[in-house]
Amino acid sequence: MIEVLFYIAGAVTIVVLFTLWCIVSIERVRKEREISAYAALCGRIQEQINETRDRISSVKMHLYVTDHNLDQAILRWKYEYLIKQEQWLIELMCGKIEEEKQEEKQ
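The opening residue of the sequence shown carries number 1 in full-length UniProt numbering; numbering runs sequentially from there.
Rather than coming from a laboratory, the hints here were simulated on the basis of the structure. Be a bit skeptical, because a hint or two may be false.
Label-pair distances were calculated between CB atoms; the ranges are [said to hold, decoys possible]: (1) I45 / F18: 34 to 42 Å; (2) R28 / I83: 53 to 61 Å; (3) I90 / H68: 18 to 26 Å; (4) L17 / E47: 42 to 50 Å; (5) E27 / Q72: 56 to 64 Å; (6) M1 / V29: 39 to 47 Å; (7) A37 / I83: 23 to 31 Å; (8) R33 / N69: 35 to 43 Å; (9) C22 / W77: 57 to 65 Å.
Glycine included, every Cβ here is placed at the ideal spot set by N, Cα and C.
All chains should be modelled from the sequences, with the hints used to inform the complete structure.
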């Protein structure tokens, strides 16, 4: 009779340990999925920043080459716009915009 109780207690212990292990594994997978989604988002933002910087350098080069005043004004506006876009993307990547939105909601 005592042997049966030990067998049942051992089986219950194994089931409890397995259940706890499953719970911990599921939580770890959820956290890793959130981190990988965040990393993918950061990667896309970084690509946008790089593309914006490439455009900035292209516009800068055109500014030096262009002689006409109207072209200069348009290119200067485009240059300033791209600089602002780059700053916005960097702030987005750093999370400043999300923090400001949360503060406004409160």
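Cross-check of the supplied hints:
1. I45 / F18: 34 to 42 Å: About 41 Å separates the Cβ atoms of I45 and F18, which means 34 to 42 Å holds.
2. R28 / I83: 53 to 61 Å: About 42 Å separates the Cβ atoms of R28 and I83, which means 53 to 61 Å is violated.
3. I90 / H68: 18 to 26 Å: violated, 32 Å
4. L17 / E47: 42 to 50 Å: Hint holds: Cβ distance 45 Å, inside 42 to 50 Å.
5. E27 / Q72: 56 to 64 Å: Check passed, 58 Å falls within 56 to 64 Å.
6. M1 / V29: 39 to 47 Å: Hint holds: Cβ distance 42 Å, inside 39 to 47 Å.
7. A37 / I83: 23 to 31 Å: Taking Cβ atoms as reference, A37 and I83 lie about 29 Å apart, which means the hint holds.
8. R33 / N69: 35 to 43 Å: Taking Cβ atoms as reference, R33 and N69 lie about 54 Å apart, which means the hint is violated.
9. C22 / W77: 57 to 65 Å: The hinted range 57 to 65 Å holds for C22 and W77, with Cβ atoms some 59 Å apart.
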